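**Q** Full structure from sequences and hints, please.
Chains as they are written, first to last, in our numbering: chain A, 647 to 865; chain B, 540 to 694; chain C, 40 to 425; chain D, 39 to 411.
Hints were generated in silico from the structure; no laboratory data involved.
Hints should not be assumed to be uniformly reliable.
Using C-beta positions, here's what the derived DEER-type ranges look like [as the list claims (entries may be wrong)]:
| no. | chain 1 | residue 1 | chain 2 | residue 2 | range |
| --- | --- | --- | --- | --- | --- |
| 1 | B | P664 | A | E839 | 28 to 38 angstroms |
| 2 | B | V634 | D | L152 | 35 to 45 angstroms |
| 3 | B | Y684 | C | T46 | 20 to 30 angstroms |
| 4 | B | Q617 | C | R324 | 48 to 58 angstroms |
| 5 | B | D674 | C | E65 | 55 to 65 angstroms |
| 6 | C | R324 | D | L237 | 23 to 33 angstroms |
| 7 | B | D674 | C | G89 | 30 to 40 angstroms |
| 8 | C | R328 | B | E604 | 44 to 54 angstroms |
| 9 | B | L606 | C | K378 | 15 to 25 angstroms |
| 10 | C | D48 | B | L690 | 27 to 37 angstroms |
| 11 | C | P354 | B | P572 | 23 to 33 angstroms |
| 12 | D | I222 | C | R328 | 49 to 59 angstroms |
Partial list, computed: chain A residues near chain B (C-beta under 8 angstroms) [what the hints assert, rightly or not]:
| no. | residue |
| --- | --- |
| 13 | N675 |
| 14 | W676 |
| 15 | H768 |
| 16 | Y770 |
| 17 | V831 |
Since the model is a prediction, treat every value here as computed from it, not as a measurement.
Glycine included, C-beta positions come from ideal geometry on N, C-alpha and C.
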Amino acid sequence: MGLVKKEEYAFDTMPGVDVVLTKIDYVVNWARSNSLWPLTFGTSCCAIEMLMATGGPRHDLARFGAEVTRPSPRQADLLILAGTIVKRMAPRLRTLYDQMAEPRYVIATGACTISGGPFLYHSYSTIRGADEIIPVDVYVPGCPPRPESLLHGLLTLQKLIKEGQTIRKPGVRHKPVISEIPEGVSREDITAEMVELLEHDSVVNIEETLGNLERPTGI
Amino acid sequence: MTTEELFQVITELEPSAKQSEKTSDRPTVEVPPEALVALMQKLRDDPRLSFNMLLAHTAVDWLEERLFEMVYQLYSPQNQQYLAVLVYVPRNNPVVPTISSIWRIAEFQEREVYDLLGVLYDEHPDLRRLFLEDDWTGFPLRKSYQDDFILERPK
Amino acid sequence: MSVNITTLDERTRVTSEADSALDTEEYFVNMGPQHPATHGVLRMVLKLDGETIKEVIPVLGYIHRSIEKICEHSTYRQIVHLTDRMDYLSSIMNNWAVSLTVEKAANIELTERIEYIRTIVAELERIHSHQVAWGVMGMDLGAFTPFLYGFRDRELVTDILEETIGARLTMNYIQPGGVMFDIHPNFVKKVKEYIAYFRPKLDEYEDLMSGNPIIQQRLRDVGTMDGETALSYGATGPVLRASRVPYDLRKIEPYGVYGKADFNVAIGTAGDCWDRYYVRIEEMRQSIRIIEQLIDNIPEGKFMVKKPAVKIKVPEGRYYGHVETARGVLGVFIVSQGKDIPYRMYFRTPNFHNLWCTTAIAPGGRIGDLVAITASLDLVIPDIDR
Amino acid sequence: MNILDLLSIPILNISSSGWETITIAQRAADALSGNSIELTIFFLILCILITVSMLAGLGMVLIYAERKIAGHFQCRLGPMRVGWHGTLQAFADVLKLLLKEDLVPARADKLLHLGAPFLSILATVLGLAIIPMSPSIQVIDVNIGVVYVTAITGLGVLGALIAGWSSNNKWSLLGAMRAGAQLISYELSATLGILVIVLFAGSLQLSEIIQSQAEGWWIWRAHIVGIIAFFIFLIASTAELNRTPFDLPEGESELTGGFHTEYSGLRFAFFFLSEFVNMFVASALVVTLFFGGWMPFHIGNWEAFNSIMDLIPPAIWFAGKSAFFIFLLMWFRWTFPRMRIDQLMRLEWKILLPIGFANIFLASLVILTKFHF
Numbered sequence: 647m648g649l650v651k652k653e654e655y656a657f658d659t660m661p662g663v664d665v666v667l668t669k670i671d672y673v674v675n676w677a678r679s680n681s682l683w684p685l686t687f688g689t690s691c692c693a694i695e696m697l698m699a700t701g702g703p704r705h706d707l708a709r710f711g712a713e714v715t716r717p718s719p720r721q722a723d724l725l726i727l728a729g730t731i732v733k734r735m736a737p738r739l740r741t742l743y744d745q746m747a748e749p750r751y752v753i754a755t756g757a758c759t760i761s762g763g764p765f766l767y768h769s770y771s772t773i774r775g776a777d778e779i780i781p782v783d784v785y786v787p788g789c790p791p792r793p794e795s796l797l798h799g800l801l802t803l804q805k806l807i808k809e810g811q812t813i814r815k816p817g818v819r820h821k822p823v824i825s826e827i828p829e830g831v832s833r834e835d836i837t838a839e840m841v842e843l844l845e846h847d848s849v850v851n852i853e854e855t856l857g858n859l860e861r862p863t864g865i
Numbered sequence: 540m541t542t543e544e545l546f547q548v549i550t551e552l553e554p555s556a557k558q559s560e561k562t563s564d565r566p567t568v569e570v571p572p573e574a575l576v577a578l579m580q581k582l583r584d585d586p587r588l589s590f591n592m593l594l595a596h597t598a599v600d601w602l603e604e605r606l607f608e609m610v611y612q613l614y615s616p617q618n619q620q621y622l623a624v625l626v627y628v629p630r631n632n633p634v635v636p637t638i639s640s641i642w643r644i645a646e647f648q649e650r651e652v653y654d655l656l657g658v659l660y661d662e663h664p665d666l667r668r669l670f671l672e673d674d675w676t677g678f679p680l681r682k683s684y685q686d687d688f689i690l691e692r693p694k
Numbered sequence: 040m041s042v043n044i045t046t047l048d049e050r051t052r053v054t055s056e057a058d059s060a061l062d063t064e065e066y067f068v069n070m071g072p073q074h075p076a077t078h079g080v081l082r083m084v085l086k087l088d089g090e091t092i093k094e095v096i097p098v099l100g101y102i103h104r105s106i107e108k109i110c111e112h113s114t115y116r117q118i119v120h121l122t123d124r125m126d127y128l129s130s131i132m133n134n135w136a137v138s139l140t141v142e143k144a145a146n147i148e149l150t151e152r153i154e155y156i157r158t159i160v161a162e163l164e165r166i167h168s169h170q171v172a173w174g175v176m177g178m179d180l181g182a183f184t185p186f187l188y189g190f191r192d193r194e195l196v197t198d199i200l201e202e203t204i205g206a207r208l209t210m211n212y213i214q215p216g217g218v219m220f221d222i223h224p225n226f227v228k229k230v231k232e233y234i235a236y237f238r239p240k241l242d243e244y245e246d247l248m249s250g251n252p253i254i255q256q257r258l259r260d261v262g263t264m265d266g267e268t269a270l271s272y273g274a275t276g277p278v279l280r281a282s283r284v285p286y287d288l289r290k291i292e293p294y295g296v297y298g299k300a301d302f303n304v305a306i307g308t309a310g311d312c313w314d315r316y317y318v319r320i321e322e323m324r325q326s327i328r329i330i331e332q333l334i335d336n337i338p339e340g341k342f343m344v345k346k347p348a349v350k351i352k353v354p355e356g357r358y359y360g361h362v363e364t365a366r367g368v369l370g371v372f373i374v375s376q377g378k379d380i381p382y383r384m385y386f387r388t389p390n391f392h393n394l395w396c397t398t399a400i401a402p403g404g405r406i407g408d409l410v411a412i413t414a415s416l417d418l419v420i421p422d423i424d425r
Numbered sequence: 039m040n041i042l043d044l045l046s047i048p049i050l051n052i053s054s055s056g057w058e059t060i061t062i063a064q065r066a067a068d069a070l071s072g073n074s075i076e077l078t079i080f081f082l083i084l085c086i087l088i089t090v091s092m093l094a095g096l097g098m099v100l101i102y103a104e105r106k107i108a109g110h111f112q113c114r115l116g117p118m119r120v121g122w123h124g125t126l127q128a129f130a131d132v133l134k135l136l137l138k139e140d141l142v143p144a145r146a147d148k149l150l151h152l153g154a155p156f157l158s159i160l161a162t163v164l165g166l167a168i169i170p171m172s173p174s175i176q177v178i179d180v181n182i183g184v185v186y187v188t189a190i191t192g193l194g195v196l197g198a199l200i201a202g203w204s205s206n207n208k209w210s211l212l213g214a215m216r217a218g219a220q221l222i223s224y225e226l227s228a229t230l231g232i233l234v235i236v237l238f239a240g241s242l243q244l245s246e247i248i249q250s251q252a253e254g255w256w257i258w259r260a261h262i263v264g265i266i267a268f269f270i271f272l273i274a275s276t277a278e279l280n281r282t283p284f285d286l287p288e289g290e291s292e293l294t295g296g297f298h299t300e301y302s303g304l305r306f307a308f309f310f311l312s313e314f315v316n317m318f319v320a321s322a323l324v325v326t327l328f329f330g331g332w333m334p335f336h337i338g339n340w341e342a343f344n345s346i347m348d349l350i351p352p353a354i355w356f357a358g359k360s361a362f363f364i365f366l367l368m369w370f371r372w373t374f375p376r377m378r379i380d381q382l383m384r385l386e387w388k389i390l391l392p393i394g395f396a397n398i399f400l401a402s403l404v405i406l407t408k409f410h411f
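**A** So this is what it looks like as C-alpha cells:
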C-alpha cells in the first residue's frame, strides 16, 4: 500500500499510529476489494461464461459490486482474462495491462489462459499461460469454468486484497509449480521465501511507479 | 443434372479440364493453373451450371509429390449440385491465378492460403498476411514447417 | 505475372492531405482488438471522414490458435473437442459437422435414436445461440436490458443441456458414431416445459426490441446487401437468408431427421440489418416447431454405435461435409491417407465468410451503423480465426 | 450568539414557513448588515456545505439507486454484499476511485487534461446553487436564474470538449465532438421549453416562477402549450445529460468511453459524479418549471385535502417530485437503445426545434387571449 509506506516515517514515533494506519489500511482495502470494476475484455469461449453469463440474471456479478464493466482500461480495476492468448495478442494484452491504473488485479480463467489448455501441443501460436505476459492474482480453472467458479475466484481475490497479498510484479506466480526440489533446500525454505516475496511485492510505491513507467497512449 | 452430364458440359466449356481420378465424395475436375480463371468464370456464368457459391477454398501440401493441391468447393443453388475443382502447382514455385474478380470472398480465402501455406496468387489485389503478423517467417501449415516454439504431444 | 505482397502498414497509410483549411482529412482509427462492439478480439481498421466510414479493413489473428495444425496431429475424436472452441455458441452443431463427414467417409450406420437426439439438441442450441445474438444486438445498440433478458432464458437451455451432457458451453456431445451420453430421463419433460415457457417470452422479446422505434430506425435500411453480393461474399446462414436467398442446408439436403420435420425457412426481403435481426427471431420460432414435432417420437435404440475407445479410421480420399450452424454453413474438408488422423483438415467457418460482408456494406455509414452491422452479422471471433 | 440561536433559524426548521423565499445568500447579507459576523460566516459556510454535500451525497445515492434500479429492471438484484442490500456500495466505489492511480497519457496536453474534470464538476456545483429546494433552502436566487442555468449548462460542454481534445485519443476526440454538437443543439430546444414558462410566469427568477404556480402547476394551467413545452424540455434535457437514448458522447459500444476514455481515478470520478448530479439538477429544473417546485399538490377547492397536503414540508415535496423524474430518466436508460448521430441531429433540428418555435408562438397567443387557467 503506497499510502502506508510513504507516511510510515512521519508517524511511527507517535503512539497508537500502528492502530490508526491499520484501520486506514483496512478501510482502503475494504473499498478496493468491494469495488472491482472489470474491463470489458474477452478473447474467446470463456468470455461468454465469465463476463456474460456471470453478469447475467442468475449469477449476477452485481451482488459483489463488480458489474460495472468499463470498456476503457484506464477506469478498470480487474482484468478478467477469458480465453486463449495467442502470440499476436500478447503485446496488446501487455499494453492493456499497462494502460490500467493502479491498483489493478488479474483473474485468469479457463485452461487456455492458465496453461494453453487444449491448444498446448502442436500449436505454433498459443501462449502457454497468460502469466508469462502479465502478473496474475487468481487462477480459475475449467474449460470453460462455471460462473460459480468465477464468483469463487472473485471472492478469493477480495480476500487477497483485504489481506494485502495481491501480486503486482510480473513473473511472480501464485501457480503451484511441481518440480524437483534441489538438494539442501527444504519445502519450508521455499515457502518462507515465497511468503517473503509476496510480502515484499504487495508494497508498491505509487510515486515510484508513476515516475518509472511511461505509459502508452491511445487504444 | 447427373454427374456424367455435368462433366460433359464442363469439358465442352473448357477442354483442358478433366475428371479427376482422386478419391473424393464430390464430383471433381482437375484443371491446369492457366485455365483456372476461364473455367471458373464459365462455371459461374453458364446458365446450365450457374455455380454461384464458392463454398470453400484451401490448399493441401503434398510433401512427397512436391505439389500443392488447390481445392475449390463450388455449389450451384439452381441445380443443387456440388463440384470440387483441383489445381496442382509445383511446391517450389507455387503461383496460382487469383479468382477474386469472380467471387469477392476468394480474395480473403486466398489470403488465408497464402498466410498459412505460402501459395502466391497472381494479380491478387491485396496479398498480405491474414492471421499472422506481417513479419512472421515461414508458413505454418506446410508439412515442412519448423518452429522451436511448437511442443510435441508426449506419446 | 505480378505477385505483390503488401503489409498492414502500407495498407493503412494516410494518402490524402487536406488541401485547404476547409477540406476534411481522412484518418484511420483502430476498432479493437479490445473494443466492446467487436465481441472479442476482432480488430477493424476504419478509414473515417468525420464519422462517415470510408473503408473497413478487418485485421484478424488475435485469437488464431492454429486449430488446423493441431488437427493434423489429432484423432477424429480429439478433433471434435477442438471444434467446440471455434464457434462456441453452436458447439454441438460444430461437433456434428465433423461427425457427419467422418461417418460418411468411414461408412458408419447410425440408429434412428441418435439422429433424433442430435437434431433436438442442435435445435435447442440454435435457440440459445440466437438468444445470445438477440441480447448482444440490444447491448450493441445501447440497450443493456435485452442482453440480460436473453441470458435469463439462455440459462434455462443450458440447464437442460447440462443435465444430459454435463457442460454448459463447450458440449463435446456429438461424436463420430453417436452421441456421448444417452439423454437424461428428465430431458423430454424439461424440453416441453421450456417450450411452453419460451413461446410467450418470444413475444416479450418483440415487445422490448422489435417494436421500438429507435431500434427500427437503427436497423432498417442499414447495411443493405442484395443476394448477389451476399453470394459473392460467401455469406451463409441468417445473413444470406436475410438477403432473400433461401439457402438452408436443413431443407436442401436434410441431414439428421430434418427431413421428417415440417418447418419453414425464414428469409428476409431487403437484406438490411433489420432482416438479419428478424430472421433470427423467426428461426427461434421454427426451431421450437421442429423440437415440438420430434420430442415425442424419440425411438428406442443405441445412442452410440462405435465405442469411444475405438479409433476411427477414414479411408483414403477427400471428404467435404457441412451442416447448418446457427451462423451459417460450417464445412469440414478432410484429406485422409487412411489413418486415424487426417492428413489435412480445413474448416470452412461461417463467420470467416460472413465477416467480409462488412467491407462491402459498412462504407458510407456511420460508426453507429458499423456497430449495428457487426451485431447483425452475429460474429464469433474464434470461429473466424480458428 | 449561542448555538440555540442557530437552531431557531428557519432553515433548520423543517415545517413550512410560508411561501416567501429567503435564500441563504440573502440571509448572509442580512446578517452582515446586522453586524453579526459569526452569523455571516455561518451562512457562507452553509452555502458551501449545501452544494458540496449535495454533490457528494446525491452522487452516491444516485449511483446506488441507478445500480439497484437497473438490477431490478433486469431480473437481478444489483449490489447486495456491501452493507445491508449493498447500501455501502457507492461509498466503496467512490473511496476506491479517490485512491486509484491518476494517469495522464504520455502525449496528452497535461494542463488541459488535468483541468477538464474540474470544469465539468464546477458546472454541476454552480447548477446546484440555484436550485430552490424549499422556500428556505436555496443558496442563491439570481434574478435572471433561467439564463444562468442555460449558461451553466454550456460550461459543462466545455469540460467534455476539453477532456476529449486533450486526451490525444481519437475515440475521445470523436466523443468530444459528439458531445459538443449534441449539447449545443439541444440547448436550443431546452431554452425554448423554458421560455414558454418564462412567458407564463412573467419572470426569469426561479423562485418567482415557483411563486407563480401557487394556484396551479404550469403543466396543468398552461394545458396544451405547457405539455408540449414539458416534453420538449424533458427530451432536450435528457440529451444534455448524455443519458440513453442520447448517450452518444460516451456510447460504450461505439466509442469505448467517449470523451472520458483516458481518465482514471479521481478525475473519472468527477465526470461520473457530475453526470449523476446533473441528472438531479435537470430533474429539479423540470420540477421547478412545470410541477410547482416545492409547492404542495393542491386540487381546486378541496380545502381539507389541500390543508393535509400543506402539512408535508416543501422540501419533501421537492425531493419526491425530483425523485420521480430521476427514476424516469433511469427508466429511459434501461429501456431504450441509443440513437445514431445523424438521427439525433435530425430529431433536434427538424422536429424539436420547429415544434418549439411554433409552441412559443402558440404560448404567446394563449397568454394574449388569456386562454389558460
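**Q** It remains to establish, for every hint, whether it holds in the given structure.
**A** How the hints compare with the structure:
1. B:P664 with A:E839: 28 to 38 angstroms: violated, 59 angstroms
2. B:V634 with D:L152: 35 to 45 angstroms: Taking Cβ atoms as reference, V634 (chain B) and L152 (chain D) lie about 58 angstroms apart, which means the hint is violated.
3. B:Y684 with C:T46: 20 to 30 angstroms: Holds, at about 21 angstroms.
4. B:Q617 with C:R324: 48 to 58 angstroms: violated, 29 angstroms
5. B:D674 with C:E65: 55 to 65 angstroms: About 27 angstroms separates the Cβ atoms of D674 (chain B) and E65 (chain C), which means 55 to 65 angstroms is violated.
6. C:R324 with D:L237: 23 to 33 angstroms: About 54 angstroms separates the Cβ atoms of R324 (chain C) and L237 (chain D), which means 23 to 33 angstroms is violated.
7. B:D674 with C:G89: 30 to 40 angstroms: Given range 30 to 40 angstroms: holds, Cβ gap about 33 angstroms.
8. C:R328 with B:E604: 44 to 54 angstroms: holds, 50 angstroms
9. B:L606 with C:K378: 15 to 25 angstroms: holds, 20 angstroms
10. C:D48 with B:L690: 27 to 37 angstroms: Because 32 angstroms falls inside the window, the suggested range holds.
11. C:P354 with B:P572: 23 to 33 angstroms: holds, 29 angstroms
12. D:I222 with C:R328: 49 to 59 angstroms: holds, 52 angstroms
13. N675: violated, 40 angstroms
14. W676: This interface hint is violated because 44 angstroms lies over the 8 angstroms limit.
15. H768: holds, 6 angstroms
16. Y770: holds, 5 angstroms
17. V831: violated, 28 angstroms
Of the hints listed earlier, those the structure fails to meet are numbers 1, 2, 4, 5, 6, 13, 14 and 17, in rising order.
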